[in-house]
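Using the hints, position chain Z against chain G.
In order, the protein sequences belong to chains G and Z.
Numbered according to the numbering used here, the first sequence terminates at residue 503, and the numbering increases by one at each position without gaps.
Numbered according to the numbering used here, the second sequence terminates at residue 1503, and the numbering increases by one at each position without gaps.
Source of the hints: derived by calculation from the structure; they are not laboratory data.
Each hint should be verified, as a subset may be incorrect.
Cut-off 20 angstroms, straight-line C-alpha distance, at most; resulting in silico cross-link-like pairs (PhoX-like, lysine-lysine) [claimed, not checked]:
1) Z:Lys1127 with G:Lys56
2) Z:Lys1201 with Z:Lys1075
3) G:Lys101 with Z:Lys1121
All values reported here derive from a predicted model rather than from experimental measurement.
Here is how the chains run, residue by residue.
Number of protein chains: 2
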Amino acid sequence: MTAVLGTIDLDHANEELGGILLPKAPERKEWSERYSEWFHRVISEVPIYDTRYPVKGTGIWTPFGYKLRRAVIEKIRDMLEEAGHEEVLFPLLIPDYMLGKEGEHVKDFEDEVYWVTRGGKDPLDVKLALRPTSETAIYPMFQLWINAYSDLPLKIFQIVNVFRYETKATKPMIRVREVSTFKEAHTAHASKEDAESQVEKGVEIYSRIFEGMKIPFVKSVRPEWDKFPGAEYTVAFDTILPDNKVLQVGTVHFLGQGFAKAFDIKYMKSDGGYEHVWQTCYGISERAIAALISVHGDDSGLVLPSTFAPVQAVIIPIVYKGKEEEVTNKCKEADCLLKSEGIRSVVDDRKDITPGNKYFTWELRGAPIRIEIGPRDLENSTAVLVRRDTLQKTTIQMQELVEGVHKMLKEIDFSLMERADLWFKSKLTNAEDVEGIKSKLDKVGGIVEAPWCGARGCGEEMEGKLDGRILGTPYKETHDVAGKRCANCGREASTIIRIGRSY
Amino acid sequence: MTAVLGTIDLDHANEELGGILLPKAPERKEWSERYSEWFHRVISEVPIYDTRYPVKGTGIWTPFGYKLRRAVIEKIRDMLEEAGHEEVLFPLLIPDYMLGKEGEHVKDFEDEVYWVTRGGKDPLDVKLALRPTSETAIYPMFQLWINAYSDLPLKIFQIVNVFRYETKATKPMIRVREVSTFKEAHTAHASKEDAESQVEKGVEIYSRIFEGMKIPFVKSVRPEWDKFPGAEYTVAFDTILPDNKVLQVGTVHFLGQGFAKAFDIKYMKSDGGYEHVWQTCYGISERAIAALISVHGDDSGLVLPSTFAPVQAVIIPIVYKGKEEEVTNKCKEADCLLKSEGIRSVVDDRKDITPGNKYFTWELRGAPIRIEIGPRDLENSTAVLVRRDTLQKTTIQMQELVEGVHKMLKEIDFSLMERADLWFKSKLTNAEDVEGIKSKLDKVGGIVEAPWCGARGCGEEMEGKLDGRILGTPYKETHDVAGKRCANCGREASTIIRIGRSY
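So that you can see chain G by itself, here it is in the shape it has in the complex (with noise of 0.2 angstroms):
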């Protein structure tokens, strides 16, 4: 019988196999009930990244690891290039009169700096902190770049590492005393109207960067009291882990000018006196990889957007005595086919390991499609699709694998951020006073939307009252509060607080 595309064939391998049990579509129990276990279990065994390194907080970036760390570097530099950012490398080291310079910013980050404090056996003149971020690394240069009109904007962003020593107990990817991986962007302009239009520009940017990675989010100007060190205010972006926390993955800042009055950052104006300059700076790092392997992953391990897989389709030969030669030859063909049309393949030819344990690794690393060529498919011109996401088979005519296999990774894209948007809503609830916030934050998780005055105290009392944290207003969101009152203290509600257990 030949097979038919689009047909879905639930029985192929079996048949093929003679018989194996097939698993149904991978659950979510142990991603969901045990998630820490889980985002361990799936980082150390894929293997994603090693934490067994001497140095607390700090891990490596396996080869595999590596490289879906690379597709999200490569996405985030194609997004800020293509909105006129141009990379540059700075230095490690601050000189500690350096990181002194803007004081709010100091103060905030003494407590979590790193020092160099010899070089070989001498001490150092200077001591030299290990940039936590690198805004007073480089504003000094900025000083030095911008001197006309026709300097601005000047938009840069560079992907460094960065270091914190964190007190609290650390988490790989997520609380690390070495972010390996640190996008930070810096924009200088001669006008707060177009430093403020940066902003929402970086939002936008920011916006599309986690779309293309499916993940879900909500965008908050934080509190007063949460914002960046040295900023007027600022734009995060959380979303939530499969544990009901809520993680920051992104965040943009308007500094307005008080960087550069620390740093006198001057432009020449068209009446001849002289301005300092707007800024915005906006950070991402490597939670956003942690996100798309914690949002989209099931009990089976990672399962990843196509954009962002290291492997996309993975071609397992099912083989049988004497017609081996003949199956792999069929997958190198397949592969071959595949590479030319842009897609990231490889064939599983390992010997001495069953096509089920083959299947296991692959469902492991979330190679979005997995593809079985046998002897019947050799002699049916075909090829068995079996999706990550669902595991659902589908057998097509080899003549149309390309388009089958494109046509595949689309809908799994799109499942997988519906799925994720689903989930994300039941998770984003709303409450009218703090006794509805603490129930929906005890039983639901994630984020609960609340009417709040905006009084600063107000917001306080909440946070200790909920062990949670004020995430924010929503940003450039409209939220009808009429009529409504605080959830904490009952006055006029004058907009919507964002209230979550957070990492």
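Chain Z in isolation, oriented as in the chain G frame:
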């Protein structure tokens, strides 16, 4: 008159511009006579690397420099991946007890290691070194990763920053305290033969990398007293800079089992017993980029081989009143066409800047081809191509633009290789005795080859007499020394030795 393909039309722009004087092919006077100033001028004016960062021995890769650096990195990465190496990323910080595990290694590095001794306000229990190189960070993990024969060979690499507390005078990209671009490969093997064959492969990969960059080199086995600390032997790549000084641009080390024993890296043999692995490592840094800049440059600035040129073809509109839009549109069309054929082109359509100033900019930046399009070209459907290396002009039919650009890029690459090779050969001389070597080093510089008895004492004595560095003996080359006498002691020569004054 319709211009003809291949016609050299030196006066074209003069006519178009109404008779501006054309420069001849750029000289190499400043380049050779005041190389150090030339290098500083080029990297700061292009700009490539900003040395004004207030930490000695560090610098900033500015956007153009970053693109150049990235092109070099991509090439190195491709070569290593093609040869089966996988990319990883290790932490920066190495605990003091790990750095100290291999005795010779730490002895050589301890005077130049930066130490992190404080986190926030607390002294650290364990001092952390900024990696001077990563053997002692990576090999403890090899110990965990390698168990069975099937885990071998293991071939990884990473591209990271490393730190040396240099007490000598620093020089941008060449002798720095933060090496921002260090590619280090590390391999482990089941046998000595496998590992030594990997040394050969490493040498082969590096040879192809430098050939691709059109950087001439010799490969020498470094003398016993100048090998990598912890290695059994070191093969080094040396090139010669315009000031006739020798620059080491890459090294490949055979590590034997020294590190394997220090870090207890073992695999299980087929007989059930355990054996320590055999190791190699090889490194290349931004010195390769410094060499790329230096070897090909001339008094007008950078001259870049096409593979590494961030811009391969710059299109400059030669506009006249009334024809601005027409000419600019034609330039944009050409740009679009070139881009679609994979050529990195840009249109320099800056206003209020004369074509002459644009020529200056792009000669400084080393764009291999300048394309001029003016009103006469519109009439004739032509464009004028100008080679960066010779400033030779060729008028071609617009319909042959893509082909013409591809052809010219190849010609330029070939010419650059030829010129560099010829120059290098003129600096690679030989002599028979210490007097002769000294005279060559004083008058010609570069590298002098001379017969040598092979005794360490004799080599070190020569270094003292010559104020030079023994670079070592030729790697895998046959030099007939029959009947020759050691340049220093007059005893029978056993080999050739290379000597130069080096960075």
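**Item:** Satisfaction of hint between lysine 1075 (chain Z) and lysine 1201 (chain Z), Cα-Cα up to 20 angstroms
**Value:** Since the Cα atoms of lysine 1201 (chain Z) and lysine 1075 (chain Z) sit roughly 17 angstroms apart, the hinted pair holds (cutoff 20 angstroms).
**Prompt:** Between lysine 1127 (chain Z) and lysine 56 (chain G), is the straight-line Cα distance small enough, at 20 angstroms or below?
**Reply:** 13 angstroms, holds
**Prompt:** Is lysine 101 (chain G) within 20 angstroms of lysine 1121 (chain Z), Cα to Cα?
**Reply:** 18 angstroms, holds
Of the numbered hints given earlier, the model fails none.
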